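Peer 1: Protein sequences appear in the order of chains A and B. Sequence positions in the first sequence follow our numbering and run 1 to 309. Sequence positions in the second sequence follow our numbering and run 310 to 578.
In short, the hints are calculated from the structure, not lab data. Predicted model, so just to flag it, every value in this text is computed and none were measured. Among the hints, a few may not be true.
[To be verified] Chain A regions said to be covered by chain B (calculated; three or more residues, Cβ under 8 Å): (1) 186-194; (2) 197-208; (3) 230-241.
Ideal Cβ placement from N, Cα and C applies to all residues, glycine included.
If you want the building blocks of each chain, they are given just below.
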Amino acid sequence: MSGEEFVPLSLTPILIGVFTAVACALPGNFLVLRKQALIGDAISHVVLPGIVVAFLVTGSLAAWPMMIGAALAAVVAVILIEAIRRLGRIETGAAMGVVFTSMFAAGVLLLERSDTSTVHLDVEHALMGNLESLIWLDAYGWGSVLDPIALAGLPPELPRIFVTMLGVIAFTWLFWRPLKISTFDEGFAQGLGIRTGALGMALVIVSAIAAVAAFDAVGSIIVIAMFICPPAAARLMTNRLERQVGWSVVFAVLSAILGYVLAGYGPGWLGGDNAVSAAGMIAAVSGLILALATMFGPCRSRTGAPIEA
Amino acid sequence: MTHLELATDHGAVVQLQALDACPLAIRGLTVSYGEKPAVFSIDATVEQGSMTAIIGPNGAGKSTMLKAALGVIKPLAGTVTVYGKPLDTQRHRIAYVPQRASIDWDFPTRVIDVVLMGLYRDLGLLGRIGRKERDLAADCLDRVGMHDFADRQIGQLSGGQQQRVFLARALAQQADLYLLDEPFAGVDAATEKAIIDVLKTLKAQGKTVVAVHHDLSTVTEYFDRVFLINVRKVAEGPVENTFTSENLQQAYGGRLATTQIDDLSLTAI
Ligand SMILES: Nc1ncnc2c1ncn2[C@@H]1O[C@H](COP(=O)(O)OP(=O)(O)O)[C@@H](O)[C@H]1O
Ligand SMILES: [Mg+2]
Numbered sequence: 001m002s003g004e005e006f007v008p009l010s011l012t013p014i015l016i017g018v019f020t021a022v023a024c025a026l027p028g029n030f031l032v033l034r035k036q037a038l039i040g041d042a043i044s045h046v047v048l049p050g051i052v053v054a055f056l057v058t059g060s061l062a063a064w065p066m067m068i069g070a071a072l073a074a075v076v077a078v079i080l081i082e083a084i085r086r087l088g089r090i091e092t093g094a095a096m097g098v099v100f101t102s103m104f105a106a107g108v109l110l111l112e113r114s115d116t117s118t119v120h121l122d123v124e125h126a127l128m129g130n131l132e133s134l135i136w137l138d139a140y141g142w143g144s145v146l147d148p149i150a151l152a153g154l155p156p157e158l159p160r161i162f163v164t165m166l167g168v169i170a171f172t173w174l175f176w177r178p179l180k181i182s183t184f185d186e187g188f189a190q191g192l193g194i195r196t197g198a199l200g201m202a203l204v205i206v207s208a209i210a211a212v213a214a215f216d217a218v219g220s221i222i223v224i225a226m227f228i229c230p231p232a233a234a235r236l237m238t239n240r241l242e243r244q245v246g247w248s249v250v251f252a253v254l255s256a257i258l259g260y261v262l263a264g265y266g267p268g269w270l271g272g273d274n275a276v277s278a279a280g281m282i283a284a285v286s287g288l289i290l291a292l293a294t295m296f297g298p299c300r301s302r303t304g305a306p307i308e309a
Numbered sequence: 310m311t312h313l314e315l316a317t318d319h320g321a322v323v324q325l326q327a328l329d330a331c332p333l334a335i336r337g338l339t340v341s342y343g344e345k346p347a348v349f350s351i352d353a354t355v356e357q358g359s360m361t362a363i364i365g366p367n368g369a370g371k372s373t374m375l376k377a378a379l380g381v382i383k384p385l386a387g388t389v390t391v392y393g394k395p396l397d398t399q400r401h402r403i404a405y406v407p408q409r410a411s412i413d414w415d416f417p418t419r420v421i422d423v424v425l426m427g428l429y430r431d432l433g434l435l436g437r438i439g440r441k442e443r444d445l446a447a448d449c450l451d452r453v454g455m456h457d458f459a460d461r462q463i464g465q466l467s468g469g470q471q472q473r474v475f476l477a478r479a480l481a482q483q484a485d486l487y488l489l490d491e492p493f494a495g496v497d498a499a500t501e502k503a504i505i506d507v508l509k510t511l512k513a514q515g516k517t518v519v520a521v522h523h524d525l526s527t528v529t530e531y532f533d534r535v536f537l538i539n540v541r542k543v544a545e546g547p548v549e550n551t552f553t554s555e556n557l558q559q560a561y562g563g564r565l566a567t568t569q570i571d572d573l574s575l576t577a578i
């Protein structure tokens, strides 16, 4: 494919897919190890009231108010969880369950009670996003990558998810050691003076930000898939956290690129005429990678519990 | 808050020095998870260079006491001083082996990586692990007889081997005060021997060891001081005159049959 065709039509969706996948897969490693993997799913439920309120306040479906509303809802959720955990003296998982369910219910209720139902808050859009539409019409070829005028016409989702990804990378890099130690052995981490409660919250907040930014760009199905599939597949490839995270990034990037290409051209190769949803295909490829890793990964058989001496 | 007064200028100099030497002083410690306190108004003074066993029935607050000493849980009341200073400034002098329950065995990490976690306070967030750190970790594994297992995934070891690795991690902390929570629980005889040898070596080097211990039959053999607890402090002192059937009865209530205590063939009644 020539640059004239590839750059405007395929470069930005692929990049957005890749950045999204990486931004979700990185914290996903820790979430999967902490058995909190469904938090990505939960977050996409929690943000619903935020999105509805943002719409009610601004009266528009523009991206920024939606994202701010979603992010605020996520932060409110995190604060509520911590408050319930402390005041009710129950464990984090239970507190999360309570908060996520109630906030989703509140979102549905708000949606029903207000006249937003006349507006198209589209379920399919929320699920699959619309990655294919995030094209770069101002581009004319590879030269546009260095052309400030063309760059100004980039879809806004691209810089947003890129900055989010950089933030996630910075967080993971900076807090690597305490995250690793406290995920492995919380009691010891606390003994070292690591504030494991705050760190766990920070991880959830960072995941929430990644989920919301990704949700905005590509829909929730990729978010859920990328939080779980690449890290879970990577775990089966190695017994070292450093390498697991490396593998998860490789799998995430691979899923994004392969998924996009297959969605665009796969049906044509098979004789069909309609391209399928790129987001759905990316999620499917990540699932396929996980299935392959489950069958052939070198570190499949592990002793979950210690062998008795 | 006696120790605070001591630490200020109007305290007696002699007492100040005595407190300085004391690796761990707990005063009036009360911790509660719910309505009922888990430990209530505990005073404890751990002597420099001693090996102290914390003894008491299940749920007596032994783990809670250690966690409060580490600042892991916030007490309702009471103070903890470590080598005469507030805990926060002395954390680097304490090593900790938690009860094994808190660990994710499936975690992707090798034995050597676990030991390197003991260096966190030295390395900080971004300090590089170099040759020196690796050699130290390898040496700590050597001391617990686990050198050959450095590259194994932690979940692939037996319970005893895992416990030795956690002791090696505590050794890597290069502390002066070692707090261990049931280090001998669920380990094989060889591991028990290896661990007690390491602890005795630490003591010989002038370090201080405090361990929650559940096997009453080995207390006299392993430790020189005991601290008996059942929510409140029952007794504290040298094994010879504190580890008595009377004190044990008091700590365990009716839960310990008299014959069990007789089997311990304690001298002092
Ligand atoms: N995280 C916790 N939340 C609520 N209660 C706890 C918690 N940890 C311990 N407890 C309670 O506090 C008491 C003392 O526990 P613990 O210090 O673990 O006892 P021990 O180590 O002597 O067996 C027990 O009654 C226990 O149920
Ligand atoms: Mg305990």
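Peer 1: For the stretch 230-241 of chain A, do at least 3 residues have a Cβ located nearer than 8 Å to some Cβ of chain B?
Peer 2: holds (count 5)
Peer 1: Can you confirm whether chain B covers the stretch 197-208 of chain A, using C-beta to C-beta distances below 8 Å and requiring at least three such residues?
Peer 2: violated (count 0)
Peer 1: Residue count check for the stretch 186-194 of chain A against chain B: does it reach three with CB-CB under 8 Å?
Peer 2: holds (count 8)
Violation of the numbered hints given earlier is confined to hint 2; every other hint is satisfied by the structure.
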